[in-house]
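Starting from the given sequences, assemble the full structure and let the hints guide the process.
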Amino acid sequence: DGGITQSPKYLFRKEGQNVTLSCEQNLNHDAMYWYRQDPGQGLRLIYYSQIVNDFQKGDIAEGYSVSREKKESFPLTVTSAQKNPTAFYLCASSIGGVGELFFGEGSRLTVL
Amino acid sequence: RKEVEQDPGPFNVPEGATVAFNCTYSNSASQSFFWYRQDCRKEPKLLMSVYSSGNEDGRFTAQLNRASQYISLLIRDSKLSDSATYLCVVSRFGGGADGLTFGKGTHLIIQP
Chain A
1 DGGITQSPKY
11 LFRKEGQNVT
21 LSCEQNLNHD
31 AMYWYRQDPG
41 QGLRLIYYSQ
51 IVNDFQKGDI
61 AEGYSVSREK
71 KESFPLTVTS
81 AQKNPTAFYL
91 CASSIGGVGE
101 LFFGEGSRLT
111 VL
Chain B
1001 RKEVEQDPGP
1011 FNVPEGATVA
1021 FNCTYSNSAS
1031 QSFFWYRQDC
1041 RKEPKLLMSV
1051 YSSGNEDGRF
1061 TAQLNRASQY
1071 ISLLIRDSKL
1081 SDSATYLCVV
1091 SRFGGGADGL
1101 TFGKGTHLII
1111 QP
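Those protein sequence lines, which keep their order, are chains A and B.
Using the working numbering, the final residue of the first sequence is 112, and nothing's skipped along the way.
Using the working numbering, the final residue of the second sequence is 1112, and nothing's skipped along the way.
Keep in mind the hints are simulated off the structure, nothing from the lab.
Don't take each hint at face value.
Unchecked claim - Derived EDC-like pairs (lysine to aspartate or glutamate); straight-line CA-CA distance at most 16 Å: (1) K1079(B) with D1039(B); (2) K1042(B) with E105(A); (3) K1104(B) with D1039(B); (4) K1045(B) with D1082(B); (5) K1104(B) with E1015(B); (6) K1104(B) with D1007(B); (7) K1045(B) with E105(A); (8) K1104(B) with E62(A); (9) K1045(B) with E100(A); (10) K1042(B) with D38(A); (11) K71(A) with E15(A); (12) K9(A) with E105(A); (13) K71(A) with D54(A); (14) K83(A) with E62(A); (15) K70(A) with E24(A).
Right, dumping it as structure tokens:
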């Protein structure tokens, strides 16, 4: 079945550590996105990529980094520079343009 | 006015009733509008796009009022399975999913 796979689902991290969240899609979508959701808040865009080897900052990119070496993969690294990293992270993809976003099941990161 | 505003609820509604909620947006240049559904601790999923002429999908009707800058979602004959958070999503400019703004969501609880 086509879809988006995020891993891990749950992750605990000590302060000062970097952590990488995986996102893989087999939908053959060109565009991929990373969002962050905090309790009672709307989704906020961290980074997005519309083609391989190119990505753009979203609204809250500070403290995060991404890469897009393959069409299928868009990993997100939460660095120690991110001041408040505890959140629900959602990866999404779309064909392109303003179309339907397909989301992965999300990764819950807790910083201890 | 905030970019996208929704009444957070919760809306407690008896099964079988009709419920409606609105979402206001601030950018008059917004072109694309969507309703997403998000179950507790899950990823959002597209419920329906909102077209200028209004559109219906089974028990769900979405409408757009450009003059007053709001979109609405009406659910008829509500089911227990409709319990979820409904996210209003608006494009900030003409195109590109990178320009989407998510509302904080309206929490709906259907009671038996």
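*Please work out if K1042(B) and E105(A) have their alpha carbons no farther apart than 16 Å.*
holds, 6 Å
*Assess, step by step, whether the Cα of K1104(B) is no farther than 16 Å from the Cα of D1039(B), and give holds or violated.*
holds, 13 Å
*asked:* Between the alpha carbons of K1104(B) and D1007(B), is the straight-line distance 16 Å or under?
replied: holds, 9 Å
*asked:* With the threshold set at 16 Å, check whether the alpha-carbon distance from K70(A) to E24(A) stays at or below it.
replied: holds, 10 Å
*asked:* Does D1082(B) sit within 16 Å of K1045(B), going by the straight-line distance between their CA atoms?
replied: holds, 13 Å
*Holds or violated: K71(A) to E15(A), with C-alpha atoms at most 16 Å apart*: violated, 31 Å
*Satisfaction of hint between E62(A) and K83(A), Cα-Cα up to 16 Å*: holds, 9 Å
*Holds or violated: K1104(B) with E1015(B), Cα cutoff 16 Å?*
Violated - the C-alpha atoms of E1015(B) and K1104(B) are around 24 Å apart, more than 16 Å.
*Measure nothing beyond the straight line between the CA atoms of K1104(B) and E62(A); if it is 16 Å or shorter, mark the hint as holding.*
Cα-Cα ~22 Å, so violated.
*Could you grab the alpha-carbon distance between K71(A) and D54(A) and see if it respects the 16 Å cut-off?*
Between K71(A) and D54(A) the Cα gap is close to 11 Å, so the pair holds against 16 Å.
*Holds or violated: K1079(B) with D1039(B), Cα cutoff 16 Å?*
holds, 14 Å
*asked:* Checking one constraint from the list: CA of K9(A) to CA of E105(A), max 16 Å. Satisfied?
replied: holds, 8 Å
Hint check: violations occur at hints 5, 8 and 11; the rest are consistent with the structure.
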